[in-house]
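Put together the whole structure using the sequences plus the hints.
Number of protein chains: 2
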Amino acid sequence: MTNPVLVEVLRGGVVESRHRGSIVVIDADGGDVLSLGNVAAPVFPRSAIKAFQALPLLESGAADRFGLDDAAIALACSSHNGERRHVEVARRMLAACGCDEGCLECGPQPPEREADKAVLARMQGRPARIHNNCSGKHAGFICASVAMGVDPAGYARRGHPLMDAVIDAVCDMTGAPFSEDLCGTDGCSIPTFAVSLASIAHGFARFGTGTGLGPERAKAAARIRAAVAAEPFMVAGTGRFCTRAMTVLDRRAFVKTGAEGVFTVALPDEGLGMAIKIDDGAARASEVVTAAAIEAFLKLAGGEIADLVRPQILSRNKESVGEIRPSEALLKALGAS
Amino acid sequence: MTNPVLVEVLRGGVVESRHRGSIVVIDADGGDVLSLGNVAAPVFPRSAIKAFQALPLLESGAADRFGLDDAAIALACSSHNGERRHVEVARRMLAACGCDEGCLECGPQPPEREADKAVLARMQGRPARIHNNCSGKHAGFICASVAMGVDPAGYARRGHPLMDAVIDAVCDMTGAPFSEDLCGTDGCSIPTFAVSLASIAHGFARFGTGTGLGPERAKAAARIRAAVAAEPFMVAGTGRFCTRAMTVLDRRAFVKTGAEGVFTVALPDEGLGMAIKIDDGAARASEVVTAAAIEAFLKLAGGEIADLVRPQILSRNKESVGEIRPSEALLKALGAS
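As you go down the protein sequences, you meet chains A and B in turn. The first sequence begins at 1 in UniProt numbering and counts up by one. The second sequence begins at 1 in UniProt numbering and counts up by one.
What the hints contain is simulated information worked out from the structure, not anything from laboratory work. From a predicted model like this one, the values you see are computed outputs, not experimental measurements. Among the clues, some could well be false.
Identical chains share a label here; the pair holds if one copy fits it or two copies do between them.
Lysine to aspartate or glutamate pairs mimicking DMTMM-like chemistry, simulated, CA-CA at most 25 Å apart [claimed, not checked]:
no.: 1; residue 1: Lys318; residue 2: Asp116
no.: 2; residue 1: Lys332; residue 2: Glu88
no.: 3; residue 1: Lys219; residue 2: Asp307
no.: 4; residue 1: Lys318; residue 2: Glu180
no.: 5; residue 1: Lys318; residue 2: Glu101
In structure tokens, the structure reads:
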């Protein structure tokens with residue numbers, strides 16, 4: 001099946017580019033609320049399920065034992081910009097469990113923003129593992145390993161008790177089994193395995209409500225949601241979609257981006273989970289679909305996130321020369337739901 | 001009509017993302033050699049027609065009058081990385097016609113590569129207009145304005161004699177008229193107007209062969225081709241597709257990227273022009289289609305550009321975790337042509 005166009009990119013009055021994809025909204029009992037495009041095909045969730053991957057950090061007792069605050073817990077499920085505060089909190093997490101940057105197995109990556117790259121260069125620094133957008137997740141993995149009483153070395157690979165616990169948590173949340181045939185390696189070298197978009201969405205409905213989870217897991221999920229709502233900067237950073245959306249929406253929405261055009265949302269009060277995948281992997285499109293869907297399901301009539309629903313395209317002289325917008329097909333489906 | 005999938009992105013053994021698009025190959029007489037997807041729809045050619053936009057630089061006599069060498073002429077039709085040598089040549093072009101960086105109307109942009117950003121920051125510099133990937137094109141516009149005897153100020157806007165000459169050259173090469181309704185503004189603030197992919201391809205068949213062009217225009221086109229073949233670094237830079245492809249292929253192929261998934265090719269010896277547009281605007285996909293098409297039409301049996309046809313996807317630890325590849329539909333169409 002060919003997925004519908006969900007997002008259009010305009011320059012002047014002309015549609016310059018188009019993004020196809022799929023979106024599914026599921027309630028906590030697994031009921032199908034909205035489904036557009038193929039939502040049964042396997043999708044690598046990538047970083048969009050970092051909150052599930054952070055569950056062992058809480059469940060192992062590491063967060064309490066090492067005194068991890070909201071900022072650290074939020075960073076453990078972040079794809080951060082590598083800004084000063086992100087780096088500081090990641091270092092603090094590692095120090096708290098007796099480790100350091102050398103224990104990170106995520107590989108080096110430059111900070112996301114030009115300003116932070118320039119600060120690093122002026123200090124004669126080089127992009128390092130600690131700047132990797134996944135360094136908080138990896139620091140959390142290391143804390144959890146130590147709390148579990150196992151040597152963190154090799155934590156990024158299957159067969160290590162920490163990574164096995166992480167995979168178990170993801171399988172439990174999505175209800176989808178781990179499949180060898182659908183397993184790949186993420187950009188930060190941990191395993192990622194493809195599951196249906198519908199099962200990812202169901203996982204986020206359960207993450208937002210606790211429905212169907214054991215008491216410890218439900219408590220861990222609630223603590224992660226509270227931490228991210230309290231520290232939305234830590235989950236992404238300056239100017240980023242997740243930070244901007246959750247700064248406005250607070251506890252009403254938990255949102256998380258993943259590479260290759262994946263996005264996930266939990267709307268706890270509505271008891272809903274969403275998952276989005278853009279066929280071509282474009283983040284600019286997954287963001288617009290996510291914003292439009294949140295606006296519709298939270299019934300935001302005041303334009304609270306209007307700039308995320310229809311972001312402007314600027315020239316290098318900062319003139320608006322176009323915009324990215326939800327397609328008619330998407331708006332119609334959201335309006336009917 | 002729905003365009004076919006031309007490119008697949010694999011992670012492990014799983015197709016993670018897909019890119020749809022269209023490709024057309026036209027001979028110098030306008031004959032249709034290959035057509036896949038909708039090639040009649042209007043497409044903004046963006047930077048993929050910088051060679052056409054550079055014709056007035058040659059035809060005005062500016063190149064001779066200001067002593068512009070191959071490096072400068074190549075830079076005038078480049079989307080460059082803002083590396084040291086790109087910046088030096090752009091400054092030299094501006095100085096040659098009595099102007100400076102302050103005359104550039106393209107807006108500021110950071111250099112493309114992390115290493116060049118770091119050098120700039122360590123020198124306490126800031127991203128400026130001269131680092132804009134279009135600064136060579138704009139420097140060429142300024143040189144041509146001076147040679148035409150008009151004040152360069154405002155050269156980026158329609159109504160200025162230079163920009164009117166640039167638009168005339170583009171219309172002449174593509175054979176497509178300028179349409180007010182299909183006009184937008186490019187990232188560097190000059191007008192861009194959408195024409196069919198087929199007319200862009202026909203323009204590059206004529207650019208590569210001179211067929212149907214007046215003698216002065218044919219001479220200018222040949223000089224641009226020779227300059228870019230002699231200085232492929234200037235047209236893009238370290239690690240970039242256009243530079244890598246033309247370093248290997250020399251005068252056998254003239255290739256140029258444009259924003260939003262556009263690519264153009266002239267194969268002078270074969271008398272062919274190509275144009276590619278990826279629906280979603282992804283450069284990683286337009287590059288793979290371009291490489292696969294060049295490999296097919298130049299009958300490259302030795303894997304000369306194999307790494308451009310199937311680029312590897314690396315983790316932050318530099319492990320190969322996937323690849324980008326031409327789709328079966330694309331390979332079949334290329335094989336049949």
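- prompt: For this structure, which hints from the list above don't hold up?
  reply: Failing hints, ascending: 2, 3.
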